[in-house]
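Protein chains: 6
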Amino acid sequence: MFVRDLYKLPVGAPFSGYFVIEHVEIKRHRTGEPFLRLVLSDKTGTFTALWWKPPKDADLSIFRKGDVVFISGSIEYFNGQLQPKLSEIRVASPGEYNPQKFICETKFPIEEQFTVLLEIIDSVENPYLKRLLESFFYDDKFVEKFLKTPAGKTIHHACIGGLLEHTLGVVEICETVSRRYKSIDRDLLITAAILHDVGKVHEYSVGISIDRTTEGILLGHLYMSCEMVAFKIAEIPDFPKSLKTKLLHCILSHHGEYEHGSPKKPKTLEAVTLAYADALDSRVKGFEEFVERELGSGKGWTKRHFAFEVPIFFDGEIKYGEEDGKEESSNL
Amino acid sequence: MFVRDLYKLPVGAPFSGYFVIEHVEIKRHRTGEPFLRLVLSDKTGTFTALWWKPPKDADLSIFRKGDVVFISGSIEYFNGQLQPKLSEIRVASPGEYNPQKFICETKFPIEEQFTVLLEIIDSVENPYLKRLLESFFYDDKFVEKFLKTPAGKTIHHACIGGLLEHTLGVVEICETVSRRYKSIDRDLLITAAILHDVGKVHEYSVGISIDRTTEGILLGHLYMSCEMVAFKIAEIPDFPKSLKTKLLHCILSHHGEYEHGSPKKPKTLEAVTLAYADALDSRVKGFEEFVERELGSGKGWTKRHFAFEVPIFFDGEIKYGEEDGKEESSNL
Amino acid sequence: MFVRDLYKLPVGAPFSGYFVIEHVEIKRHRTGEPFLRLVLSDKTGTFTALWWKPPKDADLSIFRKGDVVFISGSIEYFNGQLQPKLSEIRVASPGEYNPQKFICETKFPIEEQFTVLLEIIDSVENPYLKRLLESFFYDDKFVEKFLKTPAGKTIHHACIGGLLEHTLGVVEICETVSRRYKSIDRDLLITAAILHDVGKVHEYSVGISIDRTTEGILLGHLYMSCEMVAFKIAEIPDFPKSLKTKLLHCILSHHGEYEHGSPKKPKTLEAVTLAYADALDSRVKGFEEFVERELGSGKGWTKRHFAFEVPIFFDGEIKYGEEDGKEESSNL
Amino acid sequence: MFVRDLYKLPVGAPFSGYFVIEHVEIKRHRTGEPFLRLVLSDKTGTFTALWWKPPKDADLSIFRKGDVVFISGSIEYFNGQLQPKLSEIRVASPGEYNPQKFICETKFPIEEQFTVLLEIIDSVENPYLKRLLESFFYDDKFVEKFLKTPAGKTIHHACIGGLLEHTLGVVEICETVSRRYKSIDRDLLITAAILHDVGKVHEYSVGISIDRTTEGILLGHLYMSCEMVAFKIAEIPDFPKSLKTKLLHCILSHHGEYEHGSPKKPKTLEAVTLAYADALDSRVKGFEEFVERELGSGKGWTKRHFAFEVPIFFDGEIKYGEEDGKEESSNL
Amino acid sequence: MFVRDLYKLPVGAPFSGYFVIEHVEIKRHRTGEPFLRLVLSDKTGTFTALWWKPPKDADLSIFRKGDVVFISGSIEYFNGQLQPKLSEIRVASPGEYNPQKFICETKFPIEEQFTVLLEIIDSVENPYLKRLLESFFYDDKFVEKFLKTPAGKTIHHACIGGLLEHTLGVVEICETVSRRYKSIDRDLLITAAILHDVGKVHEYSVGISIDRTTEGILLGHLYMSCEMVAFKIAEIPDFPKSLKTKLLHCILSHHGEYEHGSPKKPKTLEAVTLAYADALDSRVKGFEEFVERELGSGKGWTKRHFAFEVPIFFDGEIKYGEEDGKEESSNL
Amino acid sequence: MFVRDLYKLPVGAPFSGYFVIEHVEIKRHRTGEPFLRLVLSDKTGTFTALWWKPPKDADLSIFRKGDVVFISGSIEYFNGQLQPKLSEIRVASPGEYNPQKFICETKFPIEEQFTVLLEIIDSVENPYLKRLLESFFYDDKFVEKFLKTPAGKTIHHACIGGLLEHTLGVVEICETVSRRYKSIDRDLLITAAILHDVGKVHEYSVGISIDRTTEGILLGHLYMSCEMVAFKIAEIPDFPKSLKTKLLHCILSHHGEYEHGSPKKPKTLEAVTLAYADALDSRVKGFEEFVERELGSGKGWTKRHFAFEVPIFFDGEIKYGEEDGKEESSNL
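Residue numbers (full-length UniProt numbering), protein chains in the order written: chain V, 1 to 332; chain R, 1 to 332; chain S, 1 to 332; chain B, 1 to 332; chain G, 1 to 332; chain P, 1 to 332.
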């Protein structure tokens with residue numbers, strides 16, 4: 001049962017389900033008896049619940065932020081907010097629940113999209129770049145992480161598979177531009193586009209929610225992507241030094257401006273193309289995600305976006321093409 | 001004879017040709033006799049020439065900045081700079097010379113590209129938008145101006161046909177993005193992409209060189225494009241007011257940021273897509289043009305670009321695809 | 001009865017009056033019975049009220065944000081906040097209440113001020129500019145809207161008649177400056193000053209509160225003022241093109257800087273004068289309004305102003321000259 | 001004879017006059033003989049002159065930047081630039097020439113304007129502020145300096161009397177605003193307006209040209225004005241401390257923004273009014289001066305202004321009202 | 001008893017102690033009876049308390065923000081927050097409580113540190129600068145204030161003695177730099193370092209909490225420090241004017257950038273050294289204080305710092321060297 | 001013979017010496033005969049020379065930018081500039097001249113300073129950090145490069161040994177700060193200080209002049225330092241991952257702000273200390289170098305510094321302590 005479905009139940013109705021603990025506090029009745037106040041969530045929303053009368057001998061300290069718990073209880077409201085009283089709560093075992101209940105996943109089919117990516121890699125003719133790409137994408141361990149990584153925590157592509165989806169979005173734009181501008185080194189551009197965000201596999205940790213790692217906050221994916229690429233290149237014999245420099249420059253400068261965290265501004269045709277293609281794909285997706293979250297299926301104005309610094313107007317319909325039909329597993 | 005070819009002639013060699021006056025001064029010999037000092041150019045370069053001994057009764061004041069003149073003389077150098085002495089100079093009649101000698105032209109074939117544009121217009125399904133587009137592009141007088149207009153004076157697409165070329169570049173990227181993001185109103189986006197710079201037909205005057213008009217400097221093409229579109233819409237019965245608002249918003253916000261001269265930041269999916277697509281196409285082209293101008297067929301670093309604020313590194317080859325073969329008329 | 005007067009009543013006292021609904025929620029008692037929680041306001045303040053025991057068959061969904069309601073009940077406090085319990089609530093009919101109870105009005109007498117404006121228009125000697133001004137200010141429909149429009153939603157002149165008041169404030173400063181600087185085209189400057197914000201009649205919707213329209217947020221009054229002027233000019237035979245350009249430039253650039261939403265910076269004597277006069281009048285008024293709202297009749301520091309980014313210090317007295325005596329209608 | 005008149009003489013014509021040395025270099029003929037190359041100017045322009053054949057025993061080192069010299073010679077041109085050859089040059093004695101030939105003077109009559117200022121001081125009712133103003137403007141030594149000081153070196157009011165002229169311009173605007181906004185403490189505002197730039201008497205040194213002093217560059221007139229006012233206040237018994245604080249705040253914040261060199265942003269009604277009035281008067285005057293210098297009596301576009309960062313368009317006529325008739329002394 | 005210790009008591013336990021009133025409200029029971037809601041604090045934290053049943057004849061209006069009160073009552077919680085009910089409350093007399101309970105004090109021993117400062121003053125060889133320093137630091141009244149003043153309200157050294165501690169921190173860095181860079185005028189630099197923040201004795205008022213004065217907010221310590229130094233210099237015969245200018249420049253420019261409130265950027269070796277030394281010492285201390293406040297003895301990430309605009313990572317241990325052992329008085 | 005000494009010779013005097021070619025052009029006499037125009041320099045200045053009459057069969061194309069040439073000729077001036085005519089010119093062999101003639105060298109004795117650095121490394125107690133430092137500074141090849149590398153091309157420490165000098169300057173400040181702030185991890189800070197700029201060994205190429213490499217411009221020393229450190233760490237068994245992250249963060253963030261090219265802002269005590277210490281040392285040195293270059297042994301104002309955006313005032317004496325006595329080799 002999703003959070004958004006709880007709201008549809010009448011007051012007093014019984015319910016049960018799996019939720020993740022966002023916040024937990026042991027509080028006390030006036031009598032001094034302890035009780036539990038929890039903020040619980042899944043990917044569809046958040047609510048507060050009270051475990052009003054735990055058994056006398058219950059150890060309330062075992063519940064920690066981030067745990068998935070199974071609860072049952074009945075629907076109540078306090079001050080207009082859903083605030084059920086629980087009759088039961090226990091920490092769930094990993095196998096019991098579907099992790100997809102807690103973190104959203106790209107609307108695009110991951111396997112198909114990965115196949116598309118491998119075909120693009122196959123189209124790269126420069127043997128050093130192709131070998132470099134293969135050293136990443138034929139490494140099962142890396143691929144497993146890559147396919148699960150989001151492209152962001154809140155701003156854009158903030159879901160499992162988001163990095164893959166965003167990578168392909170950027171590659172598509174780069175292909176379009178390189179068809180028109182023949183002076184561009186297409187293989188270099190496409191390689192840079194595919195690798196530009198690989199550091200995000202270490203920048204984000206994806207469990208029941210998306211978090212930025214300490215390493216991610218202190219170093220950032222621009223640097224981490226470059227370091228990963230530099231170590232891979234070190235294993236490829238005779239990889240041309242100037243090719244390495246140009247490729248790392250594309251990655252290092254792909255945020256385009258100093259104030260967006262690029263230590264270098266783009267200074268080559270390929271770097272400038274990548275930087276704008278990245279900005280375009282992430283901004284459009286960021287707009288779309290924000291509209292969907294804020295307006296649902298409604299129309300009109302969202303509130304002001306915290307990063308884009310504008311409210312967004314939308315009077316159309318959120319659509320995902322043929323992939324739209326993909327269903328969420330119903331037995332969560 | 002192009003300026004760049006004059007440099008290949010030996011000192012003392014005779015030459016003749018058509019050039020435009022960039023600067024003219026009547027100066028005096030120590031004897032008090034007047035002579036003429038001219039800065040002349042065509043699209044391949046600039047040089048200084050002296051008309052050292054004009055006939056006694058010559059009216060030197062008839063030569064004005066912007067005139068095309070026919071000159072003959074012989075090659076001389078002063079202080080390492082080409083500085084021929086002229087034996088003859090006269091103002092040329094319009095029919096005598098090929099205007100293309102003075103202002104560069106898009107490398108893409110204008111007619112073919114215009115056909116592509118008409119096909120895109122034909123693909124627009126929204127009847128109001130299609131009619132709006134037709135009111136521009138089936139108006140011969142507008143089209144004649146549009147096809148001649150550059151997209152800029154110095155930064156990008158600064159040549160005859162540049163506006164058409166840039167418009168198609170932006171449309172291509174928008175098509176790519178709208179195929180991926182189905183929530184975008186594709187007809188609105190494509191219409192905005194086609195019309196976003198139409199005000200440039202009044203912002204630039206294209207004669208023998210490209211200049212910005214007083215109107216262009218005081219009002220800018222963002223406003224002028226919107227005014228043009230607003231007047232055309234006023235003639236289309238029942239054009240929906242909200243559609244007009246959304247379309248004008250795309251045009252008005254397409255520079256993306258206040259500091260780039262947009263009075264509004266993009267606040268719709270279509271506006272944000274257009275703004276980034278415009279930035280991407282003009283920046284890549286601007287890089288390419290600068291590399292070509294600064295490095296010719298060489299490799300390495302350009303000087304710092306005055307607007308992009310970086311030097312550009314290029315070690316590839318400037319290429320224009322199949323259209324590359326298009327020849328400059330040889331009988332200039 | 002104004003909100004600020006409710007606070008003066010003792011707990012338990014009965015009261016009644018007209019208020020506008022800022023927020024409304026249907027909530028439920030623990031028993032499942034619905035009740036109504038409302039946030040109500042007039043121009044003097046805001047409070048929460050509960051309709052604790054509506055009749056069984058009452059349709060609670062008829063109350064909507066923006067409705068004016070008549071309520072009666074008795075004064076109660078919850079957690080130190082006024083929170084009366086209502087015994088009656090019904091939607092009021094338009095004729096029942098005085099709309100001025102809900103939105104503040106300029107302290108200056110509107111009719112007198114409008115007469116001053118007409119006299120200034122009469123003093124314009126340039127026939128094209130005079131005719132242009134008359135086409136706006138002898139159009140009853142436009143004038144009716146103009147006189148009701150505020151100059152802002154929160155920052156300055158945020159009240160009925162605020163646009164007129166601000167327009168005259170700017171005109172006064174422009175007159176002072178044009179008397180000293182004879183090189184200024186006084187007629188052009190005064191015309192621009194009068195028309196610079198006319199687009200605000202479409203940017204703001206004034207009902208029971210001031211709101212920005214979708215058109216206003218997407219296009220802004222700079223553009224909308226220009227478009228309105230351009231259409232009016234199109235109807236005046238032989239209006240000089242360069243005069244139109246200079247006038248539109250003044251309007252388009254009157255926010256002075258790109259980051260304040262002007263697509264062009266002022267480039268003429270008249271434009272630069274208008275931009276600074278506009279900034280001066282709106283900033284002073286903004287300071288005064290903020291001081292009045294924050295300090296009432298007190299002295300000392302306001303909190304930090306959200307837009308000016310400073311707190312304001314005031315140890316004087318808010319005064320409005322002779323117009324100060326103007327009374328609020330007492331039969332609200 | 002003014003520099004601008006030299007240009008009207010025929011080649012070879014004799015001339016003589018007083019000019020100031022902007023730059024001087026002792027150079028050598030190929031024979032090793034020394035000669036003098038000078039850049040000379042008065043307030044109407046600049047030219048280069050050669051003292052080609054000084055007497056054998058001449059001490060060329062006595063000529064220094066800033067000296068006024070008397071020269072005679074004949075008109076010659078080199079490379080289109082005026083470059084007369086001198087037959088005589090000697091350092092002029094102070095009494096010989098009219099200093100007004102070298103530095104421009106306000107077009108407004110200084111004595112009349114000063115009388116206006118004294119009348120305004122007389123209208124101040126607050127006894128402490130009046131006494132403070134009198135301590136400055138009834139001090140003959142200060143007044144003598146004040147009347148000679150410019151308001152700037154290059155940007156606005158860069159002429160003798162410019163500080164007086166600018167001060168009155170700012171006062172006029174402040175009077176206009178304080179008539180409308182009665183909450184303003186008019187006496188405080190007018191006092192601040194009169195004193196806001198007094199530190200400029202130490203920031204600029206006015207001799208034959210305007211220079212910024214070392215003290216001026218290291219401390220600036222904002223600080224120096226405040227220090228001067230603070231020392232004067234220290235001599236007035238019982239001057240209220242809070243009045244001092246509010247007055248100094250107006251002066252210290254009158255550049256409005258940190259990036260314009262104000263250590264504090266305006267935080268009172270009077271301070272914000274002064275800051276915008278100062279900006280308005282100096283910007284309009286700066287535009288006018290630039291137009292006059294760049295276009296003379298012509299029309300059209302100036303080059304880009306180095307500080308305002310725009311070119312300026314002007315198609316009117318530079319005028320100074322009745323004072324316009326004031327003549328420059330013809331026997332310079 | 002400190003606030004942080006109250007949390008360790010069981011529900012229902014009695015307690016008593018001295019606390020400062022941060023906020024006070026007279027509220028009413030449903031019956032109309034008044035009661036008192038207080039927010040109380042000391043330097044270790046904040047809590048809410050209710051005086052639920054004051055005596056009938058109690059004058060509740062005598063309790064004001066800023067008063068220190070003695071309270072007794074018993075521990076209760078409301079909604080998880082400490083909210084004791086009081087049985088007694090009275091305003092405390094100044095002698096009753098230790099003021100150090102309410103405002104933190106530098107961890108360094110003030111007297112020892114002041115001795116160090118006097119030794120540094122003694123090491124200054126320039127007689128004018130030495131005399132200037134002595135005019136401040138041998139003035140008992142000034143010294144008493146100086147030793148109590150914090151260097152900031154929230155960002156760095158926000159405690160009694162903080163100004164002394166910060167001054168020495170800056171002096172130490174300046175000494176290190178002046179040993180390496182011999183071109184620096186060491187006496188000037190050290191004098192400027194010692195005096196750079198003296199205006200803070202008027203910018204902050206230190207009672208039971210630290211507040212900025214109206215004078216401090218309107219003028220700032222940069223200006224106030226300069227004015228204080230200027231008046232002291234005026235009393236020293238023959239103090240060289242250029243030395244005064246250079247010293248005031250160091251003080252006036254020590255925030256380094258316009259946007260940090262310096263009206264001048266550093267333009268001498270001494271000024272630039274001081275500005276960076278000040279930035280270094282205050283930033284490091286600001287980081288340390290924030291880490292200590294946010295993490296206590298924990299490790300990991302703080303929340304985002306409101307001024308530095310980053311979260312801070314710390315996995316070490318907060319230490320204060322030998323001075324670390326200094327105990328807080330236990331009989332508070 | 002240094003360039004600055006050429007100016008002391010009389011016109012016509014013969015001279016000879018070694019200089020580096022900054023610019024070379026083959027030009028032609030009116031007769032068509034080629035001649036050579038060269039811009040030559042050493043570390044004391046720049047001048048233009050003409051090889052007016054090369055032998056008929058001379059191959060002028062062998063002279064290239066960057067070559068050191070031996071020339072002889074006689075002193076001439078043209079237009080006030082030194083412009084000798086050459087009688088002889090030939091490319092010099094590497095052994096012939098002292099390279100120190102062309103690029104300045106730190107005033108501090110390199111060997112002594114390097115010994116100091118090794119002692120500091122020895123004082124590091126953390127075994128991983130010590131081993132890391134040793135892996136750099138006990139690698140002879142690296143050390144050789146390191147000791148020759150400047151810390152900049154123009155802004156600060158732009159001389160051989162400048163990197164060593166700057167590194168020690170930063171370390172000294174960090175030691176001072178870490179003695180006061182015990183919470184700082186001193187070993188981490190000192191290690192970061194020593195390694196923060198090691199990437200400059202690849203960013204600058206030092207031959208006869210200092211140049212930035214293509215790799216340096218495209219990637220920058222922040223990234224390159226990190227990559228170098230990351231590869232060295234990879235060879236140290238069990239180097240703690242969190243220590244690596246914190247160290248790389250210090251290096252990556254040491255420019256302090258995005259706009260100075262740091263992809264991350266400092267987020268730890270050590271990183272923030274390093275960033276400010278680096279800024280302090282480089283700014284002071286940059287001021288000193290600029291004063292010395294612009295004023296020589298004079299006093300007063302320099303011109304505006306292109307990067308610091310201020311002119312600098314200096315009325316003291318440039319001094320280098322005991323090391324000052326170090327002589328430039330006299331047999332250059």
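Keep in mind that the hints are not guaranteed to be accurate.
The list makes no distinction among identical chains, and a pair is therefore deemed to hold if it is satisfied within one copy or across any two copies.
Quick list of in silico lysine-lysine cross-link-like pairs, DSS-like style, CA-CA up to 30 angstroms [as the list claims (entries may be wrong)]:
(1) Lys107 with Lys319
(2) Lys265 with Lys299
(3) Lys241 with Lys145
(4) Lys265 with Lys232
(5) Lys241 with Lys53
(6) Lys107 with Lys145
(7) Lys53 with Lys65
(8) Lys232 with Lys8
(9) Lys85 with Lys56
(10) Lys8 with Lys265
(11) Lys232 with Lys153
(12) Lys299 with Lys53
(13) Lys85 with Lys241
(14) Lys182 with Lys107
(15) Lys299 with Lys56
(16) Lys241 with Lys319
For the record, the hints were derived by calculation from the structure and aren't laboratory data.
Keep in mind that this is a model prediction, so the values were computed, not measured.
Outcome of the hint check:
1. Lys107 with Lys319: Cα proximity of Lys107 and Lys319: one copy only (10 angstroms, versus 39 angstroms across).
2. Lys265 with Lys299: Close across copies (20 angstroms), not inside one copy (38 angstroms); limit 30 angstroms.
3. Lys241 with Lys145: both (29 angstroms within a copy, 20 angstroms between copies)
4. Lys265 with Lys232: both (24 angstroms within a copy, 28 angstroms between copies)
5. Lys241 with Lys53: neither (68 angstroms within a copy, 45 angstroms between copies)
6. Lys107 with Lys145: Within. Shortest intra-copy distance 18 angstroms satisfies the 30 angstroms Cα cut-off; inter-copy 45 angstroms does not.
7. Lys53 with Lys65: For Lys53 and Lys65, only the intra-copy Cα distance (21 angstroms) is at most 30 angstroms; the inter-copy one is 39 angstroms.
8. Lys232 with Lys8: neither (53 angstroms within a copy, 49 angstroms between copies)
9. Lys85 with Lys56: both (17 angstroms within a copy, 27 angstroms between copies)
10. Lys8 with Lys265: For Lys8 and Lys265, the Cα distance exceeds 30 angstroms both inside one copy (51 angstroms) and across copies (38 angstroms).
11. Lys232 with Lys153: within (27 angstroms within a copy, 32 angstroms between copies)
12. Lys299 with Lys53: For Lys299 and Lys53, the Cα distance exceeds 30 angstroms both inside one copy (43 angstroms) and across copies (34 angstroms).
13. Lys85 with Lys241: Classified as neither; 64 angstroms inside a copy, 44 angstroms across copies.
14. Lys182 with Lys107: between (33 angstroms within a copy, 12 angstroms between copies)
15. Lys299 with Lys56: neither (50 angstroms within a copy, 33 angstroms between copies)
16. Lys241 with Lys319: Cα proximity of Lys241 and Lys319: across copies only (24 angstroms, versus 45 angstroms in one copy).
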